[in-house]
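Protein sequences appear in the order of chains A and B. Everything in the first sequence is counted per the working numbering, starting at 52 for the first residue and increasing by one. Everything in the second sequence is counted per the working numbering, starting at 52 for the first residue and increasing by one.
Careful: at least some of the hints might be erroneous.
If chains are identical, the list can't say which one is meant, so a pair holds when it fits in one copy or spans any two.
In silico lysine-lysine, DSBU-like type, Cα no more than 35 Å apart, as pairs [said to hold, decoys possible]:
#1 K188 <-> K327
#2 K293 <-> K188
#3 K327 <-> K78
Since the hints were derived computationally from the structure, they do not count as laboratory data. All values reported here derive from a predicted model rather than from experimental measurement.
Protein chains: 2
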Amino acid sequence: MNVGFLGLGLIGASLACALRDRPEINKLIGYGHRSSTVDAALSLGIIDQAVEQPEYLLDCCDLVVIATPTLLAQQQMVQLVGIAESMESPPILTDVASVKGNLWRAVESMGLPSWPQYVVLGHPIAGSERSGVHAAKADLFVDHRVILTPHEGSSATAVQSVAKLWQWAGAEVISMPVELHDKVLAATSHLPHMLAYSLVDTLAQSDLSVDIFRYAAGGFRDFTRIASSDPVMWRDIALANKDELLRAIDSFSNGLSDLRAAIASSDGERMMTIFKRAKNSRDTFLVKQNAKKD
Amino acid sequence: MNVGFLGLGLIGASLACALRDRPEINKLIGYGHRSSTVDAALSLGIIDQAVEQPEYLLDCCDLVVIATPTLLAQQQMVQLVGIAESMESPPILTDVASVKGNLWRAVESMGLPSWPQYVVLGHPIAGSERSGVHAAKADLFVDHRVILTPHEGSSATAVQSVAKLWQWAGAEVISMPVELHDKVLAATSHLPHMLAYSLVDTLAQSDLSVDIFRYAAGGFRDFTRIASSDPVMWRDIALANKDELLRAIDSFSNGLSDLRAAIASSDGERMMTIFKRAKNSRDTFLVKQNAKKD
Numbered sequence: 052m053n054v055g056f057l058g059l060g061l062i063g064a065s066l067a068c069a070l071r072d073r074p075e076i077n078k079l080i081g082y083g084h085r086s087s088t089v090d091a092a093l094s095l096g097i098i099d100q101a102v103e104q105p106e107y108l109l110d111c112c113d114l115v116v117i118a119t120p121t122l123l124a125q126q127q128m129v130q131l132v133g134i135a136e137s138m139e140s141p142p143i144l145t146d147v148a149s150v151k152g153n154l155w156r157a158v159e160s161m162g163l164p165s166w167p168q169y170v171v172l173g174h175p176i177a178g179s180e181r182s183g184v185h186a187a188k189a190d191l192f193v194d195h196r197v198i199l200t201p202h203e204g205s206s207a208t209a210v211q212s213v214a215k216l217w218q219w220a221g222a223e224v225i226s227m228p229v230e231l232h233d234k235v236l237a238a239t240s241h242l243p244h245m246l247a248y249s250l251v252d253t254l255a256q257s258d259l260s261v262d263i264f265r266y267a268a269g270g271f272r273d274f275t276r277i278a279s280s281d282p283v284m285w286r287d288i289a290l291a292n293k294d295e296l297l298r299a300i301d302s303f304s305n306g307l308s309d310l311r312a313a314i315a316s317s318d319g320e321r322m323m324t325i326f327k328r329a330k331n332s333r334d335t336f337l338v339k340q341n342a343k344k345d
Numbered sequence: 052m053n054v055g056f057l058g059l060g061l062i063g064a065s066l067a068c069a070l071r072d073r074p075e076i077n078k079l080i081g082y083g084h085r086s087s088t089v090d091a092a093l094s095l096g097i098i099d100q101a102v103e104q105p106e107y108l109l110d111c112c113d114l115v116v117i118a119t120p121t122l123l124a125q126q127q128m129v130q131l132v133g134i135a136e137s138m139e140s141p142p143i144l145t146d147v148a149s150v151k152g153n154l155w156r157a158v159e160s161m162g163l164p165s166w167p168q169y170v171v172l173g174h175p176i177a178g179s180e181r182s183g184v185h186a187a188k189a190d191l192f193v194d195h196r197v198i199l200t201p202h203e204g205s206s207a208t209a210v211q212s213v214a215k216l217w218q219w220a221g222a223e224v225i226s227m228p229v230e231l232h233d234k235v236l237a238a239t240s241h242l243p244h245m246l247a248y249s250l251v252d253t254l255a256q257s258d259l260s261v262d263i264f265r266y267a268a269g270g271f272r273d274f275t276r277i278a279s280s281d282p283v284m285w286r287d288i289a290l291a292n293k294d295e296l297l298r299a300i301d302s303f304s305n306g307l308s309d310l311r312a313a314i315a316s317s318d319g320e321r322m323m324t325i326f327k328r329a330k331n332s333r334d335t336f337l338v339k340q341n342a343k344k345d
């Protein structure tokens, strides 16, 4: 099969690298907005051939992966579906965006008679604070989860093909309802990134910022790494998953207020309850994860 | 010289391991609250000998390191200074606690004629989410910073001896005023730990906690690791550095409110300003760090 990549950033290029040696693959074909990216992808052997326009991928591919930032992915999905609807046998279309509800609603709002059965939305839970084609790694998805949020109108064949693609890349594929995906990811990924950005930005503006960065201790170092992720990507995610993210921020802020009150009143017992509950949740989770691996 | 360790947890035991093969060291002597810890430290060869009471370390050591949680360290420092004051040549006393102001004030409140010149407060910026004697590592302090906050009444010899001890363990030793230490650490270490505990606790209590822990993504994983640190240690730190920590929480909460407002009003430009400023601060800091290494 021929697989097309609309977008040759970290995720698209890494998936191409991961599929490179699979016997099922005939050609890997890419489109990149910047010619320097396309040139790099060709010269590094990440793709076999490039196309001049995104929609050309529809003609030469059996499956097209939209691998651009969330809001652009939404536009491009609508654009490609618009063209694919008039094709006799359109390729399977999937994406890798971190929010799924906005793409889902955008396709539903196109006014088609039914959900295009060749469209299967997906999200690999993998990444790096590095971005771009040069950060691509063939093993980026190995032992990582990919969440698919198939519509009841998606064909079983399309869902299977997208699942297989990720399995070939070493990932574990699971499915969940689109609403659950956006709620869970708001909590586990989008909120932590907002907290990290906010913390690093606040400290960077403090009078003590020079000393703070110079003596950055363990806790802060992890936050700064997260806060060095791609700003455009995270702006798009925050805009696309706004409602769930605001709910998550509010829930976090309530919890932090409780902890602040415990500290302000020197309530050591209350602090211990919070700290122990957090530690136990994490340690229990790790035990389960390890048990699963054994 | 003989070095004593009051407390044989991660930090005390790791320092003993690091000093084990130094030619300057005669004996490493330890006191542990739990006999199982002392037995382990002896049988692992981390210490050469154990004493039955903390104050016995004063008689047989040239330098005693108090390596217990912050509030206990404060009590023990006062106790040991109380005894050492009546000794003809007391050993040098230092500690490893994460907050320095409370120890400083506790010693000043003892009503001594002047600061005991053999007391030098210190804080190694190193650690792990693991704790206890079995987590000890000889290289825990290699290339890490140790901050000393010497009082003007501390003798130059005492300061030098404590500095040398840490340099033997591979650390870089720096000095700063006690107030600056507690402000900087509130921002870079104490606040991030509170945020991590609060986030993990809040999510653990959510209706979706099972899914949240199951699909924990990159950002959240780092937070859960931090939140798995020792609850007693962090309760003590929060109590001991309460004022600076509350200021840091409030400053963070203001920043988060700004970001929340930008998200709520879909103000992508404002978000980009915050995200880019955070990313640039971190990236600039990394460039400087790397330049220093070259």
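Verification of the supplied hints:
In the homo-oligomer, the alpha carbons of K188 and K327 lie at most 35 Å apart only across protomers (25 Å), although the nearest pairing inside one protomer, at 38 Å, exceeds that limit. In this assembly of identical chains, K293 and K188 lie within 35 Å of each other by CA distance solely inside one copy; the values are 30 Å within and 45 Å between copies. Taking the shortest Cα distances, K327 and K78 never come within 35 Å of each other, neither inside one copy (53 Å) nor across copies (37 Å).
Hint 3 from the list above is the single one not met by this structure.
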